[in-house]
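*Asks:* Sequence:
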Amino acid sequence: MKKNLAALGLLAAAALALAGCTDSAAPAPAGSAAATADGGSGEMTQIRVAALPIAESGALWAAIDEGIFADHGLEVEVVPAQGGAQAIPALINGDIDFAIGQPFGPFRASLQNLGAVIISNYASSLPASADTDVNAVVALSSSGISSPKDLAGKRVSVNSLGAAGDVTIMKAVEDDGGDPKSIQFVEVAFPDVQAQLEAGSIDAGWVPDPFMSQIAGNGGAIITHPYQATIPGLELLTNITTQKKIDEDPELVKNYADAMSEALTWASSNEDAVRAAIVENMKIPEAAAAGITLPVFSPELDVDNLRTLAGLAVGYGVLDKEPDFDAMIKLQ
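According to mature numbering (1 follows the signal peptide of the UniProt record, and there is no 0), the residues represented by the sequence shown are -19 to -1, 1 to 313, in order.
FYI, nobody ran anything at the bench for these hints, they're computed from the structure.
Virtual Cβ for every residue (Gly too), placed ideally from N, Cα, C.
Treat the hints with caution; some may be incorrect.
[What the hints assert, rightly or not] Below, computed lysine to aspartate or glutamate pairings styled on EDC-like, alpha-carbon distance capped at 16 Å:
{"#": "1", "residue 1": "311", "residue 2": "283"}
{"#": "2", "residue 1": "130", "residue 2": "157"}
{"#": "3", "residue 1": "130", "residue 2": "155"}
{"#": "4", "residue 1": "311", "residue 2": "239"}
{"#": "5", "residue 1": "135", "residue 2": "168"}
{"#": "6", "residue 1": "311", "residue 2": "281"}
{"#": "7", "residue 1": "130", "residue 2": "156"}
{"#": "8", "residue 1": "311", "residue 2": "228"}
{"#": "9", "residue 1": "235", "residue 2": "52"}
{"#": "10", "residue 1": "311", "residue 2": "232"}
{"#": "11", "residue 1": "135", "residue 2": "160"}
{"#": "12", "residue 1": "311", "residue 2": "229"}
{"#": "13", "residue 1": "311", "residue 2": "285"}
{"#": "14", "residue 1": "162", "residue 2": "131"}
{"#": "15", "residue 1": "235", "residue 2": "281"}
{"#": "16", "residue 1": "135", "residue 2": "155"}
{"#": "17", "residue 1": "311", "residue 2": "230"}
{"#": "18", "residue 1": "130", "residue 2": "160"}
[Stated by the list, open to error] Here are the computed distance ranges between Cβ atoms for each label pair:
{"#": "19", "residue 1": "128", "residue 2": "198", "range": "19 to 27 Å"}
{"#": "20", "residue 1": "292", "residue 2": "203", "range": "24 to 32 Å"}
{"#": "21", "residue 1": "127", "residue 2": "172", "range": "21 to 29 Å"}
Using the sequences plus the hints, can you model the full thing?
*Replies:* So this is what it looks like as structure tokens:
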């Protein structure tokens, strides 16, 4: 597996052209997306996939190491991204081929007719019956914050402003009797949340594992699991590409979707391999990885969940209107 350690912010100028999408990706190697698999020679198709450096990416890392993508003739270079929205400019520019990210990137791109599309799900939050979830709003135990309504008027971090984190947190606060419009959202990368909490720069932060478990185990408290409280089983991360990519290379898109489907099915039955990949790629202790709450890895997309999320976003003024779901969802 190739790992590009350059941040997606290297093409910030391109990102600024897309409202709500603030980062991009490093230029692709010549021919990285154009190379085609050759059954006779065994030549591989090189693709660049943006993914967040979080535990959920363990399924991708492990499946690459397992050779699942290679079996489909794909050589994958993983490009780190801070959020799904940040990868959209790189997709539009052709600097990456696919992205694994929140659906809000495609939501916003759809409103600007930029052609970013969701081709399948990647991971979902846990059902309402679970006693935990894969992300949470956390705060220091000394903060005086003990329930969602206490977040009203507070500085709360999310990794990407104007996305599912903000929306589900606002809904959880409103349902608990607080004023969602009074929350001061601040953009902070997941790895920096604990330091920002300890410095007093923020009052609470929204984080996935391993950061959720690390903060809770080091003087922190879990305030709410906003996805589970709002839309149980909500799609955490989706597989994203562009309509242009589908039109120009439908076989590549279908091949990627098939490989990803196989990868996610395999990951669901091989949690030890997923956790081992998390240890290797995130440089955390095995004991920490063992305690991570993994999501539901599945390519199956519940469009009704996304419609509900978009409706909430419009209600809270995060989106001006709902995206065109018929144009944005192109399941493979």
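*Asks:* Does each hint fit the structure? Answer for all of them.
*Replies:* Outcome of the hint check:
1. 311 x 283: Satisfied, since the Cα-Cα distance of roughly 13 Å is no more than 16 Å.
2. 130 x 157: holds (5 Å)
3. 130 x 155: Satisfied, since the Cα-Cα distance of roughly 7 Å is no more than 16 Å.
4. 311 x 239: holds (14 Å)
5. 135 x 168: Given pair residue 135, residue 168 holds - Cα atoms ~14 Å apart, limit 16 Å.
6. 311 x 281: Distance of about 12 Å is within 16 Å: holds.
7. 130 x 156: OK: residue 130 and residue 156 at ~8 Å, within 16 Å.
8. 311 x 228: holds (11 Å)
9. 235 x 52: Since the Cα atoms of residue 235 and residue 52 sit roughly 14 Å apart, the hinted pair holds (cutoff 16 Å).
10. 311 x 232: Holds, because 14 Å separates the two Cα atoms, which is no more than 16 Å.
11. 135 x 160: holds (11 Å)
12. 311 x 229: holds (15 Å)
13. 311 x 285: holds (15 Å)
14. 162 x 131: With Cα atoms ~13 Å apart, residue 162 and residue 131 stay inside 16 Å; holds.
15. 235 x 281: Roughly 15 Å between the alpha carbons, so the hint for residue 235 and residue 281 holds.
16. 135 x 155: holds (14 Å)
17. 311 x 230: holds (14 Å)
18. 130 x 160: Holds: residue 130 and residue 160 sit about 7 Å apart, inside 16 Å.
19. 128 x 198: 19 to 27 Å: Given range 19 to 27 Å: holds, Cβ gap about 21 Å.
20. 292 x 203: 24 to 32 Å: For residue 292 and residue 203 the Cβ distance comes to about 27 Å; the hint holds.
21. 127 x 172: 21 to 29 Å: holds (25 Å)
Hint compliance for this structure: every hint is met.
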